[in-house]
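Chains as they are written, first to last, in my numbering: chain A, 10 to 299; chain B, 5 to 553.
Simulated from the structure, these hints should not be mistaken for laboratory data.
Because the structure is a prediction, the values reported are computed rather than measured.
Backbone N, C-alpha and C fix where the C-beta goes; we use that ideal spot for every residue, glycine too.
A hint or two may mislead.
[To be verified] Result set (BS3-like, lysine-lysine): computed pairs, CA atoms no more than 30 Å apart in a straight line:
| hint | chain 1 | residue 1 | chain 2 | residue 2 |
| --- | --- | --- | --- | --- |
| 1 | B | Lys156 | B | Lys249 |
| 2 | A | Lys124 | B | Lys451 |
| 3 | B | Lys110 | B | Lys325 |
| 4 | B | Lys451 | A | Lys120 |
[Stated by the list, open to error] Here are some chain B residues the structure puts well away from chain A; computed CB gaps all over 12 Å:
| hint | residue |
| --- | --- |
| 5 | Ala65 |
| 6 | Lys444 |
| 7 | Ile466 |
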Amino acid sequence: MRHVEIFNLVKSYPNPFGAAFDAVVDFNLNIEEGEFVGLIGHSGCGKSTVLTMLAGLNEISDGGIVVAGREIDGAGPDRAVVFQSPCLMPWMSAFGNVMLGVANVYPHATKAQRKQIVEYALSSVGLQDAMDKYPREMSGGMQQRVGIARAIALKPKVLLLDEPFGRLDSLTRMELQDVILEILNREKITTVLVSHDVDEVVFLCDRVVMMTNGPAATIGEILAIDFPKPRDRADMMKDPLYFQCLDHLVSFLTERAHLRTEPRIHDSTSLLTFTGKKVETTSHQNHAVA
Amino acid sequence: MVPQIQFPTLTADLIMKYKILKAIDISGLNFLSPVVRLIAQEDPRKQLHEIGRFIIVPIVAFAAFLFLWSALAPKHRTKAGEVPTPGVVWDASKGVWLFHKRETAKADAYLMNSAERRKTLQQATTRLARLDALEAEANRQISDIKAASKEKFDAYVAPSKTAYDAKRAEFRTAKINRENSLKEKAALLATQGTDARIAYLARIRENAVTTEQEKEQLKLLKTTYTEAQTKTFPEVKKAQQAITKLAEERQFLSKYSEMLGAGSRESKTTESESLLAESKNKFLTATDGDFYRLGNTVVKSEDLLATTETSHYAKPWTLPKQIVRSLLCVFTGFLVASAIAIPIGILCGLSPTFMAAMTPFIALFKPVSPLVWLPIIMIIVGGFMPEPENHWLVKALDHVPILKNYKVDPMFLSSALTVALCSLWATLVNTALGVASIEKDHLNVAKVLRLGFTARLFKIVIPTALPLIFAGLRISLAVGWMVLVAAEILSTSQGIGKFVNDMYTNGSSESFAQMFVVVFIVGIIGMFLDRIMIIFQRLVSFDTAGSAI
Chain A
10 MRHVEIFNLV
20 KSYPNPFGAA
30 FDAVVDFNLN
40 IEEGEFVGLI
50 GHSGCGKSTV
60 LTMLAGLNEI
70 SDGGIVVAGR
80 EIDGAGPDRA
90 VVFQSPCLMP
100 WMSAFGNVML
110 GVANVYPHAT
120 KAQRKQIVEY
130 ALSSVGLQDA
140 MDKYPREMSG
150 GMQQRVGIAR
160 AIALKPKVLL
170 LDEPFGRLDS
180 LTRMELQDVI
190 LEILNREKIT
200 TVLVSHDVDE
210 VVFLCDRVVM
220 MTNGPAATIG
230 EILAIDFPKP
240 RDRADMMKDP
250 LYFQCLDHLV
260 SFLTERAHLR
270 TEPRIHDSTS
280 LLTFTGKKVE
290 TTSHQNHAVA
Chain B
5 MVPQIQFPTL
15 TADLIMKYKI
25 LKAIDISGLN
35 FLSPVVRLIA
45 QEDPRKQLHE
55 IGRFIIVPIV
65 AFAAFLFLWS
75 ALAPKHRTKA
85 GEVPTPGVVW
95 DASKGVWLFH
105 KRETAKADAY
115 LMNSAERRKT
125 LQQATTRLAR
135 LDALEAEANR
145 QISDIKAASK
155 EKFDAYVAPS
165 KTAYDAKRAE
175 FRTAKINREN
185 SLKEKAALLA
195 TQGTDARIAY
205 LARIRENAVT
215 TEQEKEQLKL
225 LKTTYTEAQT
235 KTFPEVKKAQ
245 QAITKLAEER
255 QFLSKYSEML
265 GAGSRESKTT
275 ESESLLAESK
285 NKFLTATDGD
295 FYRLGNTVVK
305 SEDLLATTET
315 SHYAKPWTLP
325 KQIVRSLLCV
335 FTGFLVASAI
345 AIPIGILCGL
355 SPTFMAAMTP
365 FIALFKPVSP
375 LVWLPIIMII
385 VGGFMPEPEN
395 HWLVKALDHV
405 PILKNYKVDP
415 MFLSSALTVA
425 LCSLWATLVN
435 TALGVASIEK
445 DHLNVAKVLR
455 LGFTARLFKI
465 VIPTALPLIF
475 AGLRISLAVG
485 WMVLVAAEIL
495 STSQGIGKFV
505 NDMYTNGSSE
515 SFAQMFVVVF
525 IVGIIGMFLD
535 RIMIIFQRLV
545 SFDTAGSAI
């Protein structure tokens, strides 16, 4: 079932001294309910632009986005966002920050019910004992945990992660990736993750959308990653398929991201049938040149 | 399940230390933190260094200032005597306080009931009796001191006296000699021609000029001599001051005894009651007489009794009371300013259009001096209150708990409004800046959470702007406090400014010293107001940004 449909999405910025500048063009993507999709690409390629348009924080120039059967119009709590910086209100405790959204989204819930929702969200990110802490008393990782709790407490139709671990050290990043996986295994929320970290997208996502370089960025290739869920980092690291996927993403980013091609769709199991990545890349380059 | 995050535990001592340091930091008294750290034995060398820099150096600087002041002040003479030294100013401040205490004692005495009144009266009488002996002793002392210093005094005056006397005698004889010689020459002129006569005229002129010069010289000597005569040696001065003090106490005690005795409310009431009883009796028992007149007397006696029963001692304004009134005035103005500036500032920050509309007013009225606003406001307020005593606002303020003791009048309101008009700009501009500088990320969060206008305003916009709003309020309060004293001088509204104005008009050396007292009082109060605002500002600041001192 198509949960999110993005069709012919365009983002262009008007230029008073010439033709409009197209940041993203012809972006088409369907996302199934409960699917975890990653968007990867070079800096400035427009992956965040797509995400913010999906969130409703950025105006759509052309095309449209449909979420759960309704075209989106502006931002809303049905598409909760975890931003790159935690964006917590510094004058509110962790509890207050999560409650800010909860109070608005569940207007008919009783006080006790709301409190329960907030406490549940905070404990599911591991902050049971830090509910009364203020952002200044928490590390970056803890602050981002609160950001995640704030998003999932809204029970969104789509969870949007905009490079949520970009500013964290690698150990904290791994911790938070586990936190996210844990929650999604339980809640089955449709999720879109923007990232430039290949390990992260391979570990977390069901499908990875690789974007070509801007301007006029669009989808270059899509790779399905067919690891069984729940995933275990140690197990995955032992699997050669994991490295095949990494190789594929890295080779796209380093060798093919600047090319204009028809979007190619791969299945990670099919990668195993190739003799090596060289074959794969060569065929693509040939195709592009031809 | 995700593992829960653990926090390290601190010992009770450390928690105590950090709590104290945090309190010091919030109150902006950072110079105390090295002392606390030293007591906690944390890097003593560094702490001693910091104590040296932030405690010892300021104390030394202030001591140097006091020394310079004491040295330089007596060198300048004014119409109101020498510029007072720190010691004189300290004595003047004690005088101000003593006056306040005595007036309060009188006011209390007036209201005392019989038992307490008699006891206090007895104490006062005893003291008065002791004063006689003390005064006799002081007088004896001063005559002793004067006798002892007579020789010293004479020796001090002698050189200038002899110089003056000698010159006076010398000039007198010289003048007589010159005149005699001129007169002799005049006798010869009858036989001499024009040339000789004209030459003689020049001699007369010369004589006049010389006489004038001698007079000038003599005048200078005379001044030195009189100045030497007015010299009072410190010990004499001290004895005189002691006598003055005793005389003042005697004056106070006699007035105080009167307030405790015949002049007390109780005695006056009894007196009025007997008067009433008498006149009533006369009216009721008279068989023949002017009943109209007698009746009138009864009614008047009744009225008199009623006023006496609720009367108070007409206590004059003392400086402490004036200070409280000034504080009330500045806070009234400050409240009005905040009530206007914060909402308008928020609107300015939210809407660039509204900001554009307000810009000309801010630019135009911000630089206007309080000395221009005050007369205008006084006239406008006066226009609203042709009869201030009957105006609803004055009547309403008469029921406000603290304000009612400080006689709110149009002058008070004008001063407060002037304070408001001059101080609101800082808050307005800072609030607008605070609201406008809200982070885009926070607005995005608000959009995603779909917060309504009020939630956005109270949960995001105002909290963001609060530190800057308080920074503005702090500046406003400081400006208001400065403006107020000027406004009070000009409006002669009771308060610190009125006190300064009275002392200036008075012009005695003591009132000159009391004006210096006011400088320090205004400074210290201003400092405390600023500290309070710093604490508020720190409490609403969610980040750990340092504040200016």
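Checked hints:
The hinted pair formed by Lys156(B) and Lys249(B) meets the criterion: a straight-line CA distance of about 26 Å does not exceed 30 Å. Restraint check for Lys124(A) and Lys451(B): the C-alpha separation of about 22 Å stays at or below 30 Å, so the hint holds. Of the supplied pair hints, the one linking Lys110(B) and Lys325(B) holds, its CA atoms being roughly 15 Å apart against a limit of 30 Å. A C-alpha spacing of about 23 Å is found between Lys451(B) and Lys120(A), which places the hinted pair at or below 30 Å, so the restraint holds.
Interface exclusion of Ala65(B) from chain A stands, the closest Cβ pair being 36 Å apart, more than 12 Å. A beta-carbon of chain A is positioned within 12 Å of the beta-carbon of Lys444(B); the least distance is around 10 Å. For Ile466(B), the shortest C-beta to C-beta distance to chain A comes to about 10 Å, within the 12 Å cut-off, and the non-interface label is violated.
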